[in-house]
Amino acid sequence: MNENNTHDSLEHYLGNTIRDIRLKHGLTIADVAGLAGISRGMLSKIENAQTATSLDTLSRLAQALGVSLAMLFRNYDVKGGSAQLVKSGEGMEVVRRGTRRGHTYQLLAYDQGPTKTFEPFLITIDHESEVFPLFEHPGNEFIYMLEGEIEYRHGQNTYVLTPGDALT
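Position 77 of the sequence shown, counted from 1, bears residue number 77 in my numbering, the numbering being contiguous throughout.
One or more hints might be untrue.
[Unchecked claim] Simulated pairs of lysine to any residue, SDA-like, Cα-Cα distance not exceeding 20 Å:
(1) 45 with 27
(2) 24 with 75
(3) 45 with 56
(4) 45 with 9
(5) 45 with 60
(6) 87 with 56
(7) 24 with 68
Derived from the structure by calculation, the hints contain no laboratory data.
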């Protein structure tokens, strides 16, 4: 499939994806068109990005191909090769609450734009660190304790973390 090509128009992407799935299953244009209730010419135009098509037609094509409608769009806006490697010690230092005394925040990876889903930090806390009895921010937490011991409060629960512990 056209998994790494995010520069295609949606019509090109869908056409290539439909063709790839059809060929993978050993089906002809006539086979799929018949199962989907559309003409062979229409399917050919869809596969060659010569026409835009309705969601209803795409749904029938997906059913004819034995895949979900979502499968046709699965990799459309996924960046190819979007893995990020941050070498040890090369994460960007970020100024946050507590960085003046005892906290160091190192951003280990980043997503840009409004679809930010994950911001991993390496947080180093030394003995001069300020204590924050109440601290709140939007988002989810994943804490993996590398060394030392910390008491972490979430809601009404208090957790004592030691090396190797994980808290989500």
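>> Need the list of violated hint numbers for this structure, in ascending order.
In response: Hint 6 contradicted; others consistent.
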